[in-house]
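Student: Modelling step: build the complete structure from the supplied sequences, incorporating the hints.
Read top to bottom, the protein sequences are chains A and B.
Under this note's numbering, think of the first position of the first sequence as 2, with each following residue one higher.
Under this note's numbering, think of the first position of the second sequence as 267, with each following residue one higher.
Hint data in this document are derived by calculation from the structure and do not stem from the laboratory.
By construction, the Cβ of each residue, glycine as well, lies at the ideal position given by its N, Cα and C atoms.
Fair warning: there could be bad hints in the mix.
Here are a few chain A residues that face chain B, going by a calculated C-beta distance under 7 angstroms [said to hold, decoys possible]:
1) 32
2) 94
3) 96
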Amino acid sequence: MALLVLLVFQWLGEIAAGAADIALPGPLLGMLMLLVLLTVYGQPLAFLDRSSNLLIQHLSLMFIPPSVGAFFLSQQIYQQFPSLLTIIFLSTVAAIIFMALLVRVVAGSTQSRSDQ
Amino acid sequence: MSLLDSYWQQLSLSSWVIALSLLGFVVGRAVYRRSEGNPFLHPLLVGTPLVAGILYLINMDFNTYYSGNGALNWLLGPTTVALAVPLAKQMRQLPPLLITIATTVLIGGFFATGCALAMALIFDVDQIVMLSLAAKSVTTPIAVGITEQLGGLLTLIVMVVLVTGIVGILVAQTVFNYTKITDERWQGLILGISAHAIGTARAFEQSPRCGAFSTLGMGLNGIWTSIFLPPLMAFLV
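Tutor: Laid out in structure tokens, this is it:
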């Protein structure tokens, strides 16, 4: 039943993506629609909770097939792995530092405004 | 008759290659739990080499294995929709802190992706590699959808997302100490935006509140990135 609900929203999302010709994955649009609906409704639905949790807890299983593919890439791509890892490392560290400073500025200023 | 035969062959093949993925998952998860959540022993980091090793041993090519796992790929669609459920529970946190959350997600999320793309240009990697790392800060089900649309390699983005998450949780606490971010709501938000589900798992270990904000950061950044990334890539590539 819960899977049916999820599939209906995925299907709606795919229809919407096709009809509006927007570059968003159908399941993501379906997620947005369900999010809006649940937020407006305002209460958790027990049956949906259980199945969603079950699916989300098994996400790693669903990612095993594509990640196994990382061992079967071309030589051309393996040669770029050092660059790739450096990019991931540096950009992730930079992003965290950037956001930490950003939060300090934004949260700090809204904080002092509410203090007044 | 021969059609039925080949159909049956495909069916029986697919059930055993799915069993292979399941084996990787079960072993990976057991190791991860026993290690009490050591990020270097993430289920995918343990399970994936195991499955790849078995494929090498039995001399099966990757495409046969991958197409046999169609059912697991199919599940990714409804699971992406299911992400709305935990996210909806955190939406009530949004209104009172809207300015900080929106600014951090919009600017921070854009920075996280833009920074990686700028470095990809500096390091001059192939276009296909750039397309396959663009969605690095986004939770994997959404990243896979975006990468598919961009024309990147799904086999690469899953690993890129995983490594991003691991780097994120390894350095986040140090950055928080130096920048004096002590409020666990903001720690959670930043973890969710930069290190997606892996950051969120770490945030929940700290406290439910930290985890809630991480869920919010991860979900909102996933939505936001999937909106700005395709036009940005069209501009860059």
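Student: Hint validation: residue 96 of chain A versus chain B, beta carbon distance must be below 7 angstroms. Holds or violated?
Tutor: holds, 4 angstroms
Student: With a cut-off of 7 angstroms on the beta carbons, see whether residue 32 of chain A makes it to chain B.
Tutor: Because about 5 angstroms separates residue 32 of chain A from the closest Cβ in chain B, which is inside the 7 angstroms limit, the hint holds.
Student: Can you verify the interface hint for residue 94 of chain A: is its Cβ closer than 7 angstroms to any Cβ in chain B?
Tutor: holds, 5 angstroms
The structure is consistent with each of the numbered hints, conforming to all of them.
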